[in-house]
Every structure is written in C-alpha cells, then in structure tokens.
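Visitor: Listed here are the chains, written in short residue letters.
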Amino acid sequence: MKLIKVEHAYKIYKNGTTAVADLSVTIDKGEFVFVIGTTGSGKSTFIKMLYREEKPTKGKVIVGGIDVAKLRNSKVYKLRRKLGVVFQDFKLLPKLTVYENVAFALETLGIPESEIRPKVLKAIDAVGLKEKTRNLPSELSGGEQQRVAIARAIVNNPKLLICDEPTGNLDPETSKGIMKILENINQTLGTTIIMATHDKELVNKMKKRVLVIENGVLASDTKKGSYKVHESVKNS
Amino acid sequence: MRALRILSRSIRDSFKSVFRNLPLSMASILCTTITLVLVAVAIFLSYNVREVTNTLERELTIVVYLDKETTEEQKTEIQNDLKTMDNVDNFQLKTKEEWKAEMKQESETLETTLDYLEENPLLDSIIVTVKNVDDLSETADKLREYDFVSSAEYGEGMVENIIGIFDAVSLGTVAMVIALVCVTAFLISNTIKLTIFSRKTEIEIMRLVGASNTSIKLPFIFEGFILGVFGSIIPIAASVYGYTILYNQTGGYVFTKIITLVKPFPFVLYVSIILLAIGCVVGMFGSWRAVRKYLKI
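If you read the protein sequences in the order shown, they are chains A and B. For the first sequence, the positions run 37 to 272 when our numbering is used. For the second sequence, the positions run -2 to 294 when our numbering is used.
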C-alpha cells in the first residue's frame, strides 16, 4: 500500500534555482528508504517537501493521502500529525527534561494528561533512555540527545518518520546505535522511515532501498542498494 | 475538551513568558498604566465637563428687556413668536413690578433706593430658556431684531469661553491618550516580538509535531492580554479611590455650585470597566501586530 506518491514534482525557488526537477517516486507503508546525494543535490528539498516545509512548484506530492501541493499553510498541522521528523541538530528544548521534551509534543496537541504519561514512557523506553527521564539535554551525550528527538518523533505513533541526516553530528559507533533504534522502530511498529544521509558506511551496511538524487533529479532507485550503486550510476 | 486543554496550556505559557521577560514586561505594564491613568483623567474630565455643560444648558436663560413703550399687543406678538422658535424651550414674562419686588428682597440698599424713586426704573422682561446652549447667541440675536426689545442678555462671552476651555481640554486629553495608546501598543508589540524570538525553537517544534496555527499563536495573544490586564490594575484602583476621595473632599462641587461633579457610584465602576477593556484591547492588539509581523508559520 502506497504511503507516499510523488509525481513529476518540481521545486523552483524564486531566484530561479531548480532544486527538484520532474521527480517521481512511490514509497510503500513500512519501507525503510535512504535518500542520498551530494550537498546541493536537492535531497533536503525533497525531504522538506514531504513534511511541507517546502511546497512543490509543480507536480504532485501525496503523503498519507494528503496532497502536499494543495495544502494551505493553516492546514499543514493535519499532515504533521501523521508524521515525525528528526534532525541532525536534535532541536530539543534545553530547559526541559527528557520526559518533558517528549511530552511537549503531546501537550501541544492537547492530549489528556492521563494519556501522555504512558505514551511518553513507552517512547522513551523504545529508544533506551528509561534511566534518564529526568535528565536535561545538557546532561546527555549527542547520541542520547538524538534518541530523545527520536522518542519525541514517534511518541504520537506516526505512520511516517522522516530523518534529515540524524547521524550527521555523531561518531560512527553512536550512529550505529541510532540506526539500530530506527530499524527496530521500522520493524516492530511498522513505521515507514525515510532517511537522508551522507554516511556511506551506514547505507552500505543496512542494505535498504536507496534513492539517489543528483542535480534535483532521481538518479537511481535501488532495492537493497548502497552508495556504490550511486557511484556506478554517476559513472555510467 | 481538547480545545480547553490547549486554551489552559496557552494561558499557562503566557504567564510563564510574562515572568521570563520580566524587565520588558514591566516596561509594557508601566506604559499601559501611565496611558490608562491618563485615559481615566480624560474620562473623568470629559464626563464632568459634559455634566457641567448640561447644567449650563438647563440653567442658562436669555433675559429679553422690553422698551418702556412696549404695548400689550407687542408683548403678545413676541410671546407668540417665541412659541414657534425651534431653540426656545420655554419662556416667562416678568414685569418690572416683579423685578422690583425681587430686587428689594435681595438687599436693604436696593430696597431703600427703589422706594426713594418715584417711578419704577426697571423694564418688563421675558426670561427665555433655550434647548441648545450652542445656539444661544443666535436665538438672542433673533430676539434683538424686534424694535421694542431694548436688549437680550445671557452673559455673552463668559459662557462661550467656559465651554471653549472645556472643549479644548477634552480634545487635548483625547489626543494625548490616542498617542499614548499607540506607544503602549508598540511597546507591547516589541515585548511579544522578543518572546517570539526567544521561543523560536519551541515554535519550530510545535509546528513540526502538528500544533495548529491558532494554538501556536494563542499564547502570544494571551501574553499581550495579560500585560494589558496587569497594566490596568493601578489605574482602576486610582480611579475608584481617587475620584471617590475627590468627590467627598469637595462635597461634589468645584469652585462654584455650577460645576458639580458626577456621583462616584456607579460612575467609577463604568470607568473601571472601560479601563480594563482598553488595557485588554491595547495588549491584544499589540501582540496581534507582533504575531502577524514576526511569527511566520
């Protein structure tokens, strides 16, 4: 069953730069997809279009049945409630504890207090931070902070988890830990995961579907792909 | 229920934010306080001036003195005409004998003087009460046009001067209040702007997790509202106590019995409601302006 359907999508900025050109791709429910490409290739714009941070100039981007191109600013929240987003810089609130940071997502949506606690504890447990619920972000390592961000992204049981270079600031060992958590979420909860990354080693090791974006176009789409596929496509 | 939870959360966040940016919040509250104190003064002034004007309108009369030779027909003619004049509320003929009797009662000197004179030197007159004090001079001019009217007097100049001064004071106060309201709204807007900047990450996360635009904006609007409410506390207290004390100390009159003060209750209650409403509206307007300008969602 298709969760994401992108048809001939374009993103042309006001200054004339074409970030994404005629991109078409479909992603099924429960898939784990890497999006790779060099800096300025358009992969971040593609990712941003999925959670409507950028609006496609032309074409269709349908996420969970919502046409992102037609979505008005005031209705974006309807899309965002169906997905979770994780960033390279974690985006945690420094004055809130681990528990409060994760609970913040639910409080903002007006979820009752009685529902918040079990959901938050479950999400924190899923990322292995049960012992650190009362710690502030400043008392955590980079990897732990990213795990908090993941917990916050999955606390509302989203169908889709978008990760924009989540391991970009982490060392290889910690990155592996994060990938384990993401894979676990994908397999146990059935959450679709789309992850933009530069990390060759991770991509090669995971053997998941790989979308290669170069100069705004989809250069390759490979099941159980790797960075090598990208290189070969580029050379051919 | 969800809306209620979002609402209570917004209010909680607004209070937190007021105390988080305390120096700037205090500046906004102080500015609101000063503005509202002046608004209160303006309201007290203009309302009392209106009351005085009303009293003047009720009590002001034109005294039309008739020539000695005025015939009974002419007296009937002018009285019939007075009945048809738009600005005339009512009138009363007062003969020279009635004047004499009244003056004799006023002082002994006058009594002696008037008794000494063989002939009554006073004139028959008609006392005219007008409907609109602004058209007083126009009505007096019309009455002066009669050949047999010796004079028509109402204290020219003095009345216009008093009303003119009152109007100028009211107008000046209103202008100053409008300017201060603008400054206050601008200051509150700046406070909210800083709050928006300091909560940038929070807003970004709220957007990402699917908070609606309204629930993101609401705490900032409430913050302006709270600043407005806090700013109106001192002016309300000052109005209630200050005006009541002023009224009690003066006995309800200023300088002369013509200038009477409006009774404190329920007047101060209405003024308090107006002050609170202005505080809230100015606060919310200031924050709405900042949200529109700086909160890009």
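Hint data in this document are derived by calculation from the structure and do not stem from the laboratory. Keep in mind that the hints are not guaranteed to be accurate.
Pairs of lysine to aspartate or glutamate, EDC-like flavour, derived with a Cα cap of 20 Å [unchecked claim]:
| id | chain 1 | residue 1 | chain 2 | residue 2 |
| --- | --- | --- | --- | --- |
| 1 | A | 166 | A | 201 |
| 2 | A | 166 | A | 151 |
| 3 | A | 114 | B | 10 |
| 4 | A | 84 | B | 199 |
| 5 | A | 114 | A | 136 |
| 6 | A | 131 | B | 64 |
| 7 | B | 197 | A | 136 |
| 8 | A | 91 | B | 201 |
| 9 | A | 114 | B | 115 |
| 10 | A | 131 | B | 199 |
| 11 | B | 197 | A | 151 |
| 12 | B | 197 | A | 143 |
| 13 | A | 127 | B | 150 |
| 14 | B | 13 | A | 90 |
| 15 | B | 13 | A | 143 |
A short, non-exhaustive set of chain A residues, derived as facing chain B with CB atoms under 8 Å [as the list claims (entries may be wrong)]:
| id | residue |
| --- | --- |
| 16 | 65 |
| 17 | 113 |
| 18 | 116 |
| 19 | 117 |
| 20 | 121 |
| 21 | 141 |
| 22 | 143 |
| 23 | 148 |
Cβ coordinates follow ideal geometry from the N, Cα and C atoms, glycine included.
Visitor: Taking the hints in turn, state whether each one holds.
Guide: Hint check results:
no. : hint          : in the structure
1   : A:166 - A:201 : violated, 25 Å
2   : A:166 - A:151 : holds, 18 Å
3   : A:114 - B:10  : violated, 23 Å
4   : A:84 - B:199  : holds, 19 Å
5   : A:114 - A:136 : violated, 23 Å
6   : A:131 - B:64  : violated, 93 Å
7   : B:197 - A:136 : holds, 18 Å
8   : A:91 - B:201  : holds, 17 Å
9   : A:114 - B:115 : violated, 103 Å
10  : A:131 - B:199 : holds, 11 Å
11  : B:197 - A:151 : violated, 27 Å
12  : B:197 - A:143 : holds, 18 Å
13  : A:127 - B:150 : violated, 83 Å
14  : B:13 - A:90   : violated, 32 Å
15  : B:13 - A:143  : holds, 16 Å
16  : 65            : violated, 19 Å
17  : 113           : holds, 5 Å
18  : 116           : holds, 4 Å
19  : 117           : holds, 3 Å
20  : 121           : holds, 5 Å
21  : 141           : holds, 4 Å
22  : 143           : holds, 6 Å
23  : 148           : holds, 7 Å
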